[in-house]
Structure formats: structure tokens, C-alpha cells
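Peer 1: Sequence:
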Amino acid sequence: MTISHPVTFTRTFQTKSGKDITIGTGTGTKWKKDLSDDSVNPELVDQVLRSLNLGFRHIDTAEVYNTHKEVGAAIKQAGIPREDLWITTKYCPGYRGINAPSTSPTESLNKALKELDTPYVDFFLIHQPFFTEEMTGGVTIESAWKELIEAKKQGKVRFIGVSNFAKVHLKRILAISESEEFLPVVNQIEFHPFLQNQSPDIVKFCQENNIQVEAYSPLAPLSRTEAPELVKYLKEIGAKYNKTPAQLLLRYTLQKGIIPITTSCQEQRIRQSLDLFDFELTKDETTAIDTIGAKSSYRAFFDVEFENL
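Heads up: the sequence shown runs through residues 1 to 309, numbered per UniProt numbering.
Some hints here could point you the wrong way.
Beta-carbon label-pair distances, calculated as ranges [to be verified]: (1) S177 x E83: 24 to 34 Å; (2) G238 x S296: 17 to 27 Å; (3) F301 x E226: 16 to 26 Å; (4) S17 x T287: 35 to 45 Å; (5) T8 x E180: 14 to 24 Å; (6) D38 x N99: 14 to 24 Å; (7) T8 x R271: 19 to 29 Å; (8) I80 x E107: 21 to 31 Å; (9) F301 x D37: 17 to 27 Å; (10) T140 x Q77: 32 to 42 Å; (11) T225 x E307: 18 to 28 Å; (12) P228 x K153: 44 to 54 Å.
Listed next, the in silico DSS-like pairs over lysine-lysine satisfying Cα-Cα at most 27 Å (straight line) [unchecked claim]: (13) K146 x K16; (14) K33 x K114; (15) K152 x K111; (16) K30 x K114; (17) K16 x K114; (18) K111 x K32; (19) K16 x K69; (20) K152 x K69; (21) K19 x K69; (22) K111 x K30; (23) K146 x K111; (24) K156 x K16; (25) K69 x K30.
No lab work stands behind these hints: they were computed from the structure.
Keep in mind that this is a model prediction, so the values were computed, not measured.
Don't be surprised by glycine CBs; every beta carbon is placed ideally from N, CA and C.
Please construct the entire structure, taking both the sequences and the accompanying hints into account.
Peer 2: See the structure below:
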């Protein structure tokens with residue numbers, strides 16, 4: 001991957017072998033299985049393996065996706081040294097009244113390490129803050145965070161963070177983190193031109209507090225037929241750079257200092273997702289995407305939960 005137009009993130013993360021991480025490939029949404037399903041989906045194994053063979057080194061999974069086994073199988077088949085890879089997983093604290101599948105973040109992590117067949121993960125995140133003690137068997141945001149700190153001390157996790165947290169939730173764990181070493185380093189949120197802040201001022205707050213923002217669903221606007229103006233504009237500037245609308249949105253995300261998580265089964269699109277560093281959008285172009293995107297509003301996940309935040 002030739003990088004002639006690098007991007008700057010809030011923080012720089014490297015694999016154990018010293019390689020910087022950028023865009024990640026995800027194993028949720030389309031690939032998510034019922035938690036009672038113990039099978040291994042060969043299509044997902046092939047998709048992750050294809051992504052690795054084509055150059056991806058950053059893989060995103062989660063307890064609630066139930067895709068650890070597929071990721072582990074693909075990594076084993078790829079034969080890529082573990083220290084060259086970046087693996088993210090997340091503790092599921094339950095959702096909308098559905099109980100957490102594990103009794104604690106520690107149990108969740110230990111199960112993940114076994115299924116992934118790895119001694120450590122690079123990011124371990126609390127998947128979302130919208131849970132009750134009844135759903136988790138007594139686990140709170142604070143007690144969950146303390147377990148993540150302990151996992152980091154034990155070497156099972158390199159970095160700890162969160163996902164879908166608003167400022168009010170982040171402030172709770174910032175208040176109890178033992179030292180700078182145990183502060184949250186990442187907040188993975190839904191981000192795209194139609195949702196430039198998942199919760200009020202969250203991107204700015206994270207960046208001001210040295211918390212890297214990751215984006216899931218960065219290509220969501222491309223599936224929204226009721227808002228064609230953005231796609232039309234992307235096609236116009238795409239002709240200038242010889243890039244697809246998807247590549248432009250991923251580059252837009254990167255230039256915001258945000259790490260995008262995307263996925264595709266198609267080899268051509270996987271290649272295109274990595275081909276983002278030989279051009280740079282101008283300030284006017286990123287501003288235009290902001291402006292056009294702000295005319296529409298779309299939230300794919302946690303619509304009810306974020307209503308009052």
C-alpha cells in the first residue's frame with residue numbers, strides 16, 4: 001500500500017511489529033449470527049481471508065456478532081504473524097432488555113481469546129453504555145471499566161476503549177481511570193456525512209481528550225436513496241480523482257482523523273477500500289460533503305437510546 005497522501009489521527013496505534021493501523025474490515029451487520037449458533041460460517045472465513053490476502057491487517061469483531069471463530073480460522077489460514085495484525089473485539093453488556101451473554105467483561109474476553117485462538121487482542125471495548133445491572137448481573141459501566149483495566153494489566157489486552165459512548169458516559173470512566181495508561185484510547189461510533197456526531201459534540205470531545213474516534217457504517221449514505229444530492233456530488237469529484245463514491249467517503253472519514261471500519265465480499269471493492277492514500281480531498285470538498293450531508297439525517301443504530309442525549 002503506497003502512501004503518498006498520509007492522514008493524521010488523534011493517536012497513532014501500531015501492531016506489535018510496529019506497523020501503523022488505518023482502515024479496518026468488519027465482521028458484524030451482515031455476518032452477525034445468533035448467539036446460540038455454534039457453527040462456523042465458511043463465507044465469512046473466506047471474506048476475512050480474502051481481505052487479509054489483499055492487504056487488510058485490522059480486523060473488527062465483537063461478542064455480539066458471534067464471529068470470533070471465523071476470524072480465528074481466517075487468520076490461521078492466512079499464516080500472517082499475529083504481531084502484524086490488529087484485532088478488536090467488544091464486550092456485550094446486553095441490549096434493550098436482552099441479558100448480557102457473559103457474566104462479566106472478563107468472561108467475555110477469555111471466551112474471545114479462546115475462539116480467536118490468540119493470547120491477546122489489541123483493542124477491547126465496551127460495546128455500548130445503554131445497559132442496566134439487571135441485564136448484566138450487576139456489572140456497571142464503572143465496574144466493567146475496572147475489569148478492562150485489569151485485563152490490560154494482565155497482558156490480555158493492549159489497549160482499552162469503548163463504543164457508542166456519549167460524553168456523559170465517557171466522563172464516568174475518565175473519572176475512575178487509575179492513570180493515563182488506563183484511560184480510554186478509542187470510541188467507535190456511527191459516523192458518516194448524515195451523522196457527523198453520533199451524540200452532541202462527541203467527535204470534538206474525543207479528539208480533545210486524546211481518544212481516537214473509529215467509524216462504523218461510514219458508507220451508510222450510499223444506501224439512502226431519498227438523499228441523492230450527496231451521491232451526485234461524490235460522482236462529480238470522483239471523476240476528478242478516478243475514485244468511487246465509497247472510496248471518497250472512506251477518504252473523507254480518514255481526513256477527519258477518524259479510522260473507518262468497512263466490509264465487502266467483492267475483491268474489487270476490498271482492493272478499492274485500501275486504495276485511499278494516493279489522493280487528498282481539498283478543504284472545499286470536505287466542507288461540501290459536510291454541508292450536503294447535514295441536510296439529511298440518518299441513524300442506523302441506537303436511534304431510541306440517543307434521543308435524549
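Peer 1: What hint numbers does the structure not satisfy?
Peer 2: Hints that this structure does not satisfy do not exist here, as all of them hold.
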